[in-house]
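Enquirer: In case you want the letters, here they are:
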Amino acid sequence: MSVDPDVIRKCMWPVCLMGLFVTGILSLDCNLLNVHLRRVTWHNLSLLSRMSKSFPIECLRESKAFELPQEILSDTQPLTRDIKEAFYEMSRQAFHIFIQDTFKSTWEEKHLRQVQIGLDQQLQYLEQCLEEEEEENEDMREMAEDEWTQSGAPVPQLSNLELRRYFNRIDRFLKDKKYSHCAWEIVRVEIRRCFYFFHKFTALLRRK
Amino acid sequence: MLLSQNVSAVGPLNLYPMDESCTLKMTLRNLQSILSWELKNHSIVPTHYTLWYTIMSKQEDMKLVVDCTNITRSFCDLTDVWVNMTEMYIPKVVGYRGNAALVSCMGSFFLTTDTLPLDPPEFEIVGFTDHISVNVKFQSVAPKILNEEELQFYLALIEEQSGGTVKKHKPQINGNITENFSYVIDKLIPKTNYCVSVYFEPKDPRKINRSPLKCTVFQPGWESESSESATIGGIITLFLIAAVIISTVMMLKRIGYICLRNDFPKVLNFYKLSVLVFPELPRLEEVATVEVIHINRKKKVWNYNYDDESDSDNEAAPRISAGGYTTHGLTGRLCPASVSSATLEDCSDPAAEEGDLPEPEADAEALTAPGPRPWQSECTSRGYQGRGNLLQDPFSEEDSSSTEGSGDRIVFNVDLNSVCVRALEDNDDSEVTPMLPSRPEETVVLEDPDETESNLLVASGEGTQLPFPGPSAECPWPEDAPSDKSDTSESDVDMRDGYVMR
Chain A
1 MSVDPDVIRK
11 CMWPVCLMGL
21 FVTGILSLDC
31 NLLNVHLRRV
41 TWHNLSLLSR
51 MSKSFPIECL
61 RESKAFELPQ
71 EILSDTQPLT
81 RDIKEAFYEM
91 SRQAFHIFIQ
101 DTFKSTWEEK
111 HLRQVQIGLD
121 QQLQYLEQCL
131 EEEEEENEDM
141 REMAEDEWTQ
151 SGAPVPQLSN
161 LELRRYFNRI
171 DRFLKDKKYS
181 HCAWEIVRVE
191 IRRCFYFFHK
201 FTALLRRK
Chain B
1 MLLSQNVSAV
11 GPLNLYPMDE
21 SCTLKMTLRN
31 LQSILSWELK
41 NHSIVPTHYT
51 LWYTIMSKQE
61 DMKLVVDCTN
71 ITRSFCDLTD
81 VWVNMTEMYI
91 PKVVGYRGNA
101 ALVSCMGSFF
111 LTTDTLPLDP
121 PEFEIVGFTD
131 HISVNVKFQS
141 VAPKILNEEE
151 LQFYLALIEE
161 QSGGTVKKHK
171 PQINGNITEN
181 FSYVIDKLIP
191 KTNYCVSVYF
201 EPKDPRKINR
211 SPLKCTVFQP
221 GWESESSESA
231 TIGGIITLFL
241 IAAVIISTVM
251 MLKRIGYICL
261 RNDFPKVLNF
271 YKLSVLVFPE
281 LPRLEEVATV
291 EVIHINRKKK
301 VWNYNYDDES
311 DSDNEAAPRI
321 SAGGYTTHGL
331 TGRLCPASVS
341 SATLEDCSDP
351 AAEEGDLPEP
361 EADAEALTAP
371 GPRPWQSECT
381 SRGYQGRGNL
391 LQDPFSEEDS
401 SSTEGSGDRI
411 VFNVDLNSVC
421 VRALEDNDDS
431 EVTPMLPSRP
441 EETVVLEDPD
451 ETESNLLVAS
461 GEGTQLPFPG
471 PSAECPWPED
481 APSDKSDTSE
491 SDVDMRDGYV
501 MR
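Residue numbers (full-length UniProt numbering), protein chains in the order written: chain A, 1 to 208; chain B, 1 to 502.
Certain hints may be false.
As the list claims (entries may be wrong) - Listed next, the in silico DSSO-like pairs over lysine-lysine satisfying Cα-Cα at most 30 Å (straight line): (1) Lys-63/B to Lys-200/A; (2) Lys-58/B to Lys-64/A; (3) Lys-58/B to Lys-177/A; (4) Lys-191/B to Lys-25/B; (5) Lys-25/B to Lys-53/A; (6) Lys-63/B to Lys-177/A; (7) Lys-63/B to Lys-40/B; (8) Lys-64/A to Lys-25/B; (9) Lys-200/A to Lys-40/B; (10) Lys-191/B to Lys-53/A; (11) Lys-58/B to Lys-175/A.
Claimed, not checked - Residues on chain B that point at chain A, a partial pick, calculated with CB under 8 Å: (12) Ser-36; (13) Trp-37; (14) Met-56; (15) Ser-57; (16) Lys-58; (17) Gln-59; (18) Met-85; (19) Thr-86; (20) Met-88; (21) Ile-90; (22) Met-106; (23) Ser-108; (24) Thr-113.
Worth flagging that the hints you see were computed from the coordinates, not collected in a lab. Beta carbons are placed, not taken as given, at the ideal position from N, Cα and C, and that holds for glycine.
Can you build the whole structure from these sequences, using the hints too?
Expert: Now the structure itself:
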């Protein structure tokens, strides 16, 4: 069956336009999620380090242990989806903290904006990938639930809950310290630490 | 600011005043975490130092670094002390003189981002005949930070040519960085100075600590051979190119595409000035041999009927010579009678004698002129180069010029353009049927309106430069001859016989 040249001509432009957008479409490929998260997380971590030249030693006395839930990286081998959800929760909470407009004098505006933008991109990426995964695994959810109950440890819920508590403590600390300069510096250091922790977390995604 | 208080190894942080009288740096020297410090005020020189540290994540007291207590050096190896990359460490250095603390300084280090770039490892470069080998020496004990997957330190080599061009090499290091390894740099330009620098490239590209350059001049052992071979190869290549070009040119010339021969004949050479200025008159045509058959025939109306009964005896069938001339018999005596097929050569001799001609033959003789031999008559007296009034004399003397077409033939060259004919005195049976020069293909009728003499057919030989004018008007008719022949020949040679008198 021969193809009409006119049809080819008509379809050429849509095909070309679609091809141009392929790269953009592929860039959101959730199979490359671990790479994207690894890169974005490290970028945000570097931004937090550059926001302040050095930690003011005088603020050491106000430091506090926020107890980052490191048990989420236990040996129980959490599922990939759990890791993604943990990432999403962490990004969302951190974005919530840095979106507050109370530290204008503490850091440079541009650095703060960059952190906010980076966190926002990370959130969008995670939302899309989580939605796709949920649609694909909807049929298997019942089976997963059976296995999940048998394992005895509701890992996904625990990690997200711990993360929420963790960031809640940070938020409370800021409020208690009345968003002082030292409080923000301490929070900055702590969230940077959290980012690095999750940066190591991406290695689990790659291994899976 | 001097501190008079004794520094307790362990104490609350808030008891120690903050002092920034020194600069703390965290480096990775030989893959080891080294904390070094430098006093800002060089006038203060402590005798020994002591190092404490704490962490940010917990409210902990300062911990003493045992290996860095009362040390005289200004650095401390914390490779085995600071191992948690997620932590932020707060070190404190106190300088003493005796028991008095002279200076105290603190800092904060998040090892992932605050560590200065790795010091480059030790390396050596060795030049070989065709490559340069870079041997990098690593410490046997690698700090834990290098084995952390997140750090992604790797080795990068810089190849720097003398011209300033920098080429970067990134050798792959498999496994832990614990063993020495060598990297080969090939594809080098001979007689070029190459400098190599080694450094670790951290994630943050801004923090790169390059090693000092080590240079060597790349001089391969087979350099002379390579240069000679290169020279020979170049010569051979040039030779091949020249051969290809020459063969192509020769082929084109042979084909005739280029350098066409311009070997024109001289007559076609119009570029001579003399030719342009003085155009040469064209040569007269050469005359081909023609055979004239003398036919004795009576005067009659020429009916172009060659099948003439009356002249059957004398008649010779006119025939067309090879030159396209129609031959007809001519009356008159050309030569001595004995000559049957006389040629002009033969006839010329009698003509030269002038007057010693014998009695003309009774028979009309065809005039045969050899090709190159011209002869002339009275009527063509100008410009004749030939000689031999062959017909003149005989005709003048003829009394019985009637020729008989006995079949004798005289072949002579006739240039009809130069032929001047006149009526030949015709005897009873003779008839002159000369030829008309202007119409070589037709029979020529010579008519002398004034006389009845026989016509003369004057032929010019070959190559005769006979500037004979137009056929009819300019040919002077001799007066003498006709007068002599008036009684012998009939005057009326009828044009209607087909001959045209010129």
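Enquirer: Each hint should be assessed against the structure and marked as holding or not.
Expert: Quick rundown of the hints versus the structure:
no.: 1; hint: Lys-63/B to Lys-200/A; result: holds (27 Å)
no.: 2; hint: Lys-58/B to Lys-64/A; result: holds (6 Å)
no.: 3; hint: Lys-58/B to Lys-177/A; result: holds (17 Å)
no.: 4; hint: Lys-191/B to Lys-25/B; result: violated (42 Å)
no.: 5; hint: Lys-25/B to Lys-53/A; result: holds (14 Å)
no.: 6; hint: Lys-63/B to Lys-177/A; result: holds (27 Å)
no.: 7; hint: Lys-63/B to Lys-40/B; result: holds (25 Å)
no.: 8; hint: Lys-64/A to Lys-25/B; result: holds (25 Å)
no.: 9; hint: Lys-200/A to Lys-40/B; result: violated (38 Å)
no.: 10; hint: Lys-191/B to Lys-53/A; result: violated (48 Å)
no.: 11; hint: Lys-58/B to Lys-175/A; result: holds (20 Å)
no.: 12; hint: Ser-36; result: violated (16 Å)
no.: 13; hint: Trp-37; result: violated (14 Å)
no.: 14; hint: Met-56; result: holds (6 Å)
no.: 15; hint: Ser-57; result: holds (6 Å)
no.: 16; hint: Lys-58; result: holds (5 Å)
no.: 17; hint: Gln-59; result: holds (6 Å)
no.: 18; hint: Met-85; result: holds (7 Å)
no.: 19; hint: Thr-86; result: holds (5 Å)
no.: 20; hint: Met-88; result: holds (6 Å)
no.: 21; hint: Ile-90; result: holds (6 Å)
no.: 22; hint: Met-106; result: holds (5 Å)
no.: 23; hint: Ser-108; result: holds (4 Å)
no.: 24; hint: Thr-113; result: holds (4 Å)
Hints 4, 9, 10, 12 and 13 from the list above are not met by this structure, while the remaining hints are.
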